[in-house]
Amino acid sequence: MSSAALPAALPAIRQVPAVLQSLFYTLVLAVVAFLVLYPAIRLLVGSFEINPFSANPTTGLDNWSEVFSRPKLLRAIEDTITLSFTRQLIAIIFGVTIAWLIARTNLPMPGWLEVGFWVALFMPALPVTLAWVMLAGEGIGILNNAAKALFGIDYDIFKIYSWWGIVWVHVMTATLAIKVFLLVPAFRNMDAAFEDAARTCGASVWKTLLHIVVPIMLPTIIVVTVLGLIRSLQAFEIELILGSPAKIDVYSTAIYRAVNGQPPQQGIASALSIIFLVAVVPLVAMQQWFSQRHAVASVSSKFSHRVQDLGRLRWPLFGILVVLLLMMTVLPFVLLLMGSFMKLFGMFDLPQPWTTAHWTEAFTRGDLQRAFWNSMKLGFAASLAGMICFSLIAYISVRTRYSGRKLLDFLTWLPAVIPGLVLSLGILQMFAAVPLFRPIYGTMVVLVLAVVIGTMTLGTQIIKAALLNLGTELEEASWACGASRFYTFRRVVLPLIAPAVAVIGLEVFATGISVVGLVALLGTGATQPLSILQLIYLDGGFFESGSIVGLLITVITITAALLARYIGLKAGLGRAGS
Amino acid sequence: MKTHRIGMTLAAIGLFMSGVAGAQNPQEVWKATQAKAKGQVLTFQSQGGKSMDTLLVEFTKKFGIRVETTVSRPSATIARVRTEQNNGQFIWDLWWGITSNMVHVAAPAGMLAKIDDYLILPEVKDASNWRHAAYMYGEPGQHVFTYSHEVTIGAFRNKAVLPDVKVDSLEALLDPRLKGRIAVRDASVPNAGSFTLSTLLKAKGPDFVRKFLSTMEPRVYSNPQQLDVAIMRGGAAVAIGMQSSAFSECRKAGGCKTMEEIPLGAFVQSRGVAVFKNAPHPEAARVFVNWFLSKEGQELYVREWARDNIAGAVSHRKDVAPHQDHLADMPDFAKANQYAWVSNSYGGKDIDEAIKLFKEIADK
Chain A
1 MSSAALPAAL
11 PAIRQVPAVL
21 QSLFYTLVLA
31 VVAFLVLYPA
41 IRLLVGSFEI
51 NPFSANPTTG
61 LDNWSEVFSR
71 PKLLRAIEDT
81 ITLSFTRQLI
91 AIIFGVTIAW
101 LIARTNLPMP
111 GWLEVGFWVA
121 LFMPALPVTL
131 AWVMLAGEGI
141 GILNNAAKAL
151 FGIDYDIFKI
161 YSWWGIVWVH
171 VMTATLAIKV
181 FLLVPAFRNM
191 DAAFEDAART
201 CGASVWKTLL
211 HIVVPIMLPT
221 IIVVTVLGLI
231 RSLQAFEIEL
241 ILGSPAKIDV
251 YSTAIYRAVN
261 GQPPQQGIAS
271 ALSIIFLVAV
281 VPLVAMQQWF
291 SQRHAVASVS
301 SKFSHRVQDL
311 GRLRWPLFGI
321 LVVLLLMMTV
331 LPFVLLLMGS
341 FMKLFGMFDL
351 PQPWTTAHWT
361 EAFTRGDLQR
371 AFWNSMKLGF
381 AASLAGMICF
391 SLIAYISVRT
401 RYSGRKLLDF
411 LTWLPAVIPG
421 LVLSLGILQM
431 FAAVPLFRPI
441 YGTMVVLVLA
451 VVIGTMTLGT
461 QIIKAALLNL
471 GTELEEASWA
481 CGASRFYTFR
491 RVVLPLIAPA
501 VAVIGLEVFA
511 TGISVVGLVA
521 LLGTGATQPL
531 SILQLIYLDG
541 GFFESGSIVG
551 LLITVITITA
561 ALLARYIGLK
571 AGLGRAGS
Chain B
1 MKTHRIGMTL
11 AAIGLFMSGV
21 AGAQNPQEVW
31 KATQAKAKGQ
41 VLTFQSQGGK
51 SMDTLLVEFT
61 KKFGIRVETT
71 VSRPSATIAR
81 VRTEQNNGQF
91 IWDLWWGITS
101 NMVHVAAPAG
111 MLAKIDDYLI
121 LPEVKDASNW
131 RHAAYMYGEP
141 GQHVFTYSHE
151 VTIGAFRNKA
161 VLPDVKVDSL
171 EALLDPRLKG
181 RIAVRDASVP
191 NAGSFTLSTL
201 LKAKGPDFVR
211 KFLSTMEPRV
221 YSNPQQLDVA
231 IMRGGAAVAI
241 GMQSSAFSEC
251 RKAGGCKTME
261 EIPLGAFVQS
271 RGVAVFKNAP
281 HPEAARVFVN
291 WFLSKEGQEL
301 YVREWARDNI
311 AGAVSHRKDV
321 APHQDHLADM
331 PDFAKANQYA
341 WVSNSYGGKD
351 IDEAIKLFKE
361 IADK
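Chains A and B are the protein sequences, given in the same order. With the working numbering, you'll find the first sequence wraps up at 578, consecutive numbering, no jumps. With the working numbering, you'll find the second sequence wraps up at 364, consecutive numbering, no jumps.
Hints listed in this document are in silico derivations from the structure and should not be mistaken for laboratory results. Note that the structure is predicted; figures quoted are calculated from it, not measured. Be careful, since some hints might not be right.
Pairwise CB distance ranges, derived in the manner of DEER restraints [claimed, not checked]: (1) B/A160 with A/K207: 55 to 63 Å; (2) B/E217 with A/F341: 33 to 41 Å; (3) B/K295 with A/L326: 17 to 25 Å; (4) B/F208 with A/V45: 40 to 48 Å.
Just so it is clear, CB atoms sit at the ideal spot from N, CA and C, and this is done for glycine as well.
Extracted from the complex, chain A is given alone in its bound form (with noise of 0.2 Å):
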């Protein structure tokens, strides 16, 4: 049992009335989808505005028409999916397997083995993009001038520009570790008792694995795979890199061009992006549908926690894991390291390739260390507003009979479904053009409500699928005893959903502190956090410097992590049935 069960002696405690409970829903409910339609909203006004930075503008359907005579759009289109798809299929059977390996089994050293997910997880996406192509580009990758050299063949062996390409710098990158990084905690909450009834009954831990522990977290499995897949069809950075040169477009490199285009294109960008969210919203609602009928309380007040001995396998898969823990961080991290340290990346050869000047330029610039203390605020405070304001969410919709928690779900959605580059736009029109928020328009509070809205989907759905594992009975005894929901949720609830809530509160720093679209558009000069210092050093070419902005963002993220697990394994969180 937990320590987090109910109190020896609970204080005289005040129940809220019933209307007053309703009446903060309703607030809450309002507020959810003021910050979140008023964007998509915009959105959809947006996509029927012409010309809109020329001195008279106007409105039509010429955004829509243009966008559906695309000649390469269905390309396109069927890019998107089936590399989506592709990667997503990988990285879930993957990421289940390592996730259930690391938190339910007696592999070694699980604590480590997390830990290394996360760094993956945390890795800058462009440099480490770069540091693939320079291990398997064609003509110039080491792995195949080595393999060359070698071998004696006269062709390249990988192709990292090429369709697999992209699917395999996206799974060693953020795709597979989000989902190790997200499942853990969850797999970690499950009872016990059902992998030893199965094993009782002499199933094999493979076959418990399938049939006891997939079925069970489906749900939080299903919440991980479709916010994957979300997030899959919406990225473009690596596709850009690695896509132009075999010719494979995606949907939102055609976003990307618009919003960039001279002048910005945003009412194309804006009819793209609908198009995108009517065809993405049939997902959340089968998530929806799915979650509502196939929720099983994992955890309940007969918890027990025991790992699974996977005897003579033990080994074997634990040197599995640290092999790929090493292709998907030490490998790029020692690239990215001496990226930082030559007179110009990638230029092995040059006569005196190595530098200090790099490091020298990046700690010199008086921006640096405004910049370091402004990421620092921005990512906790976000952190400590998405952990608050998530839980709260997600308790609403799935732990209160309150007529509106299906809609307040529906709408923690939208903002996954609206691609990035856009939302910044529509968070940007919300800031200039609602009265209520100029006094606060330019300072880090609205780079926070910015960051908080961004990711507000996978922080509620996370912490709503750990709810749903949660059995009502512990919740019932402390009302029975006439607890509060306060009360309960601070005293019984809270510390058994600690681990999933502090995994969003740390992605939620990270997002803080790497965050580039969100807040692109609103910050300014005194704001401005260190994702943003990194963007300007690789436009202005000085990608070196770049590249080590990325590295100290990385390191503040992973030690801002084991901080956090260092304080979590003290305070007992995390180890559930402890």
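Mind docking chain B on chain A? Use the hints.
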């Protein structure tokens, strides 16, 4: 009738007073503006750079005007400021950097003030102090003052790849042996790729460019570092849209010995300064614009730019010499027609056409 007379008299007095003010000594106006601006916070949009930081520190030290710089991509600045202005928010004073978006988007959209209204010092206003009067402003509306024009070469050849193929003329770019061995920067947006293609377009016309893009099957790179590494490490024989600064840096470090520029023509990138419409601190903006465009400001600019950049430390002012190592970056104004002026109104059509052509071929 009496009221009418009083009105006429007041108007005459007003006219007289404004005439006096107009005839006021510029040095006095300059001093008065400085006094008014003292203690204000100048809000900037710029593309960043260490040299900019040093300049602004000097400016603050000299005039007691604090500067708040926000570094953004030009496309982000455009989207942001337009949205703010549409909603009645005017929080930016100045925009400083490459002039392409200022000239082609912001000025026609009415987002900028006339820069002449902000010029006080005779040494700045006097066209004879600038190398070519026609290139002082980015566009005929005179909203953008261009203080620096940098000649850039965007086409390079690596002789280590296909050494038998000579690329000594533009026609040689159509040599079938180069098919699939040419790297081109994604020219669907304004960047070195579309700028270099616009020079090709200017020299040989649309049919040649169309033929080049469709028959030579160039490999398209969207990331500048990726393109640079591809040509410098021998992954491609020819690069269109390479950053010439990367080539210079490579040469400086003792590498890229098998690489050379292709005589394809050059494009000129202009840097300028503009004041946003309804700037909240007009006096501070005035002080900065005049100081920065003065001999003192431009000398400091050239010195600081050279400290941080491998190319482009050139001023359009006649009395400010380019940095010794950057002499080749100064345009020859006698042959101005040969360049593609990608950041001002002279070259707008060329870039648009290059982007359109590139998209047309890419969409096939």
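Going through the hints against the structure:
1. B/A160 with A/K207: 55 to 63 Å: The hinted range 55 to 63 Å holds for B/A160 and A/K207, with Cβ atoms some 58 Å apart.
2. B/E217 with A/F341: 33 to 41 Å: holds, 36 Å
3. B/K295 with A/L326: 17 to 25 Å: violated, 59 Å
4. B/F208 with A/V45: 40 to 48 Å: Between B/F208 and A/V45, where Cβ atoms are some 43 Å apart, the hint holds.
The earlier numbered hint that this structure contradicts is number 3, and it is the only one.
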